[in-house]
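Trainee: What follows is each chain in one-letter form.
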Amino acid sequence: MAPAAAAAAPTPAGNGTSVSAMAVDGDVAAAASQGFSLDPDTFQKIHPAEFHRRFLSQGVRADGRPLQKFRKAKISLGPVSTANGSAMVRLGDTTIICGVKAEVAEPKPAAPRSGFIVPNLDLPPLCSPNYRPGPPSELAQTVSEYMDQVIKSCDLVNPETLCIEPGHAVWVLYVDIVCLNHGGNVVDAAMIALAAALKHTRLPQATYYETESTVRVTDTFTIPLSVKRTLVPVTFGVFDAAVVIADPTAEEEAHLSTTLTYVLDAENGEAAYGVLKSGGSAVPRDMLVACWDDARKRAVDVVAALAEAEQAGNRRPDVAAV
Amino acid sequence: MAARLEIVSPEGLRVDGRRPAEVRRVLTRTGVLSQADGSAYIEQGNTKCLAAVYGPREPVKRAGVLHDRATINVEYNVSSFSSGERRAKLRRDRKLLEIGLMIKQTFETVVATTSFPRSEIDIYLQILQTDGGAVHTAINAATLALIDAGIPMTDYVCACSAGFVNDQAILDLNFLEESADVPTLTVALLPKSGKISMLGLESRLHIDKLEPVIALASDGCMQMKDTLDEAIRISTRNLAKTVLH
Chain V
1 MAPAAAAAAP TPAGNGTSVS AMAVDGDVAA AASQGFSLDP DTFQKIHPAE
51 FHRRFLSQGV RADGRPLQKF RKAKISLGPV STANGSAMVR LGDTTIICGV
101 KAEVAEPKPA APRSGFIVPN LDLPPLCSPN YRPGPPSELA QTVSEYMDQV
151 IKSCDLVNPE TLCIEPGHAV WVLYVDIVCL NHGGNVVDAA MIALAAALKH
201 TRLPQATYYE TESTVRVTDT FTIPLSVKRT LVPVTFGVFD AAVVIADPTA
251 EEEAHLSTTL TYVLDAENGE AAYGVLKSGG SAVPRDMLVA CWDDARKRAV
301 DVVAALAEAE QAGNRRPDVA AV
Chain W
1 MAARLEIVSP EGLRVDGRRP AEVRRVLTRT GVLSQADGSA YIEQGNTKCL
51 AAVYGPREPV KRAGVLHDRA TINVEYNVSS FSSGERRAKL RRDRKLLEIG
101 LMIKQTFETV VATTSFPRSE IDIYLQILQT DGGAVHTAIN AATLALIDAG
151 IPMTDYVCAC SAGFVNDQAI LDLNFLEESA DVPTLTVALL PKSGKISMLG
201 LESRLHIDKL EPVIALASDG CMQMKDTLDE AIRISTRNLA KTVLH
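Residue numbers (full-length UniProt numbering), protein chains in the order written: chain V, 1 to 322; chain W, 1 to 245.
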């Protein structure tokens with residue numbers, strides 16, 4: 001192998017310098033020694049997996065982050081004034097908007113005092129060139145279902161607090177999460193948005209009238225929801241079944257051998273409410289433990305971002321959405 | 001009729017304090033999404049719309065390929081939390097499909113599709129919050145996103161709505177006005193030629209009143225043209241700066 005090609009160590013794209021000699025395998029390496037070189041953009045298009053492998057072997061990633069560095073979560077509350085609660089979350093390029101709409105419904109006979117929370121993640125073709133119009137993708141459905149399970153199992157909001165009149169009327173909270181820009185790690189962004197939007201949700205005062213069997217609600221949204229805990233999702237990607245990277249981007253996600261998602265209770269860093277590793281390559285147990293430690297550190301940062309958002313934009317209805 | 005909302009007060013002001021021929025505050029941004037080839041965001045009053053354009057790119061389905069020009073696909077989507085009443089999302093909502101088709105046909109006449117044979121251009125429109133005039137806001141957003149994507153067009157497409165109430169035409173109706181049985185006409189106009197490319201009216205309006213309503217809506221479209229043009233000039237100036245420095 002030609003020395004020029006062997007030494008081809010990529011430079012993080014973040015600092016603006018270009019990578020000169022980036023050859024791929026033996027035959028291309030030979031070409032490199034004859035003065036042939038690919039610019040980084042072309043190399044990424046032709047050999048995306050190798051492109052990332054070269055970065056990771058140097059302990060850095062294509063966007064300039066170290067392996068274990070998460071992108072800062074930017075949260076703004078109340079971008080949609082028509083919703084009872086809303087939040088916009090950004091993780092790097094990933095942009096997610098979440099709106100909570102409250103509706104009155106009849107409870108199930110088996111649980112006459114329990115309201116409902118219905119989360120739904122939408123990944124419209126708007127958010128990524130890889131999605132096309134059609135029925136919701138498998139990813140969107142899986143994540144929606146997973147969020148539903150986590151919300152129920154950890155008792156995020158006591159369903160009985162959503163009761164208006166036992167046996168007759170309860171609140172249903174439709175939590176609609178729309179991905180506007182898919183820059184990777186949609187699961188984390190979606191769940192942070194869900195947590196933020198629920199904390200921002202205000203319900204109107206509702207009264208049940210026995211004689212007419214109707215519910216009347218006030219025009220103003222005043223009653224905050226009692227959200228018991230702050231759930232923080234933390235996702236890691238595993239590259240080549242060996243290298244763990246935190247908070248993968250869309251480009252990295254396409255080449256991961258598996259992903260790992262922890263859902264933590266941020267106030268109580270010792271409790272996990274979910275761990276999701278859906279197939280893919282097997283990982284050693286000590287990797288799971290090491291990731292858990294990083295996840296706890298990350299949860300602290302996310303909670304700080306949430307608190308900051310709550311202070312900055314408390315019920316400010318006129319914040320520009322984008 | 002006394003209980004009915006007063007659309008224009010005796011002082012000549014509307015519910016939100018505007019004059020009859022006044023458009024709402026418009027805020028525009030281009031290039032807001034990193035994944036899309038072109039994108040734009042428009043806020044017209046409290047109506048918020050996001051537009052993303054992908055393409056020209058290779059079509060996934062062979063069936064839709066036209067050998068002499070590009071096909072345009074439009075998906076018009078309304079977020080379920082965008083309006084006062086939550087709307088359950090139907091997978092094939094006919095109303096949304098119809099609006100999408102209308103927008104698609106509007107842009108087919110303006111986009112230079114023959115420059116890109118055998119390819120497709122996808123326009124995705126997402127309404128984040130509605131307060132009336134969602135369709136015309138979406139059209140304006142699509143125009144900006146197409147220009148942001150660098151797709152050649154013969155002209156801007158500028159849209160605005162107008163209605164008729166209390167013997168006078170009013171411009172750019174908000175949700176309260178739209179839902180108070182005011183006949184609403186949406187016009188999309190090609191400002192260079194002044195020709196009308198789309199006209200939508202779905203309620204009764206006396207034929208004698210049609211002319212003044214169209215005239216007012218067209219006037220609103222020309223105002224929108226200035227706003228869109230300004231947005232494009234700003235983004236182009238910024239682009240030129242980054243290229244030159």
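No wet-lab data here; the hints were simulated from the structure.
Hints are not guaranteed to be accurate.
[As the list claims (entries may be wrong)] In silico lysine-lysine, DSS-like type, Cα no more than 30 Å apart, as pairs:
no. : chain 1 : residue 1 : chain 2 : residue 2
1   : W       : K61       : V       : K45
2   : V       : K152      : V       : K108
3   : V       : K45       : W       : K241
4   : V       : K45       : V       : K152
5   : W       : K241      : V       : K74
6   : V       : K277      : V       : K69
7   : V       : K72       : W       : K241
8   : V       : K108      : V       : K297
9   : W       : K104      : W       : K61
10  : W       : K209      : W       : K104
Trainee: Checking each numbered hint in turn, tell me which of them this model violates, lowest number first.
Mentor: The structure conflicts with hints 4, 8, although it agrees with all the remaining ones.
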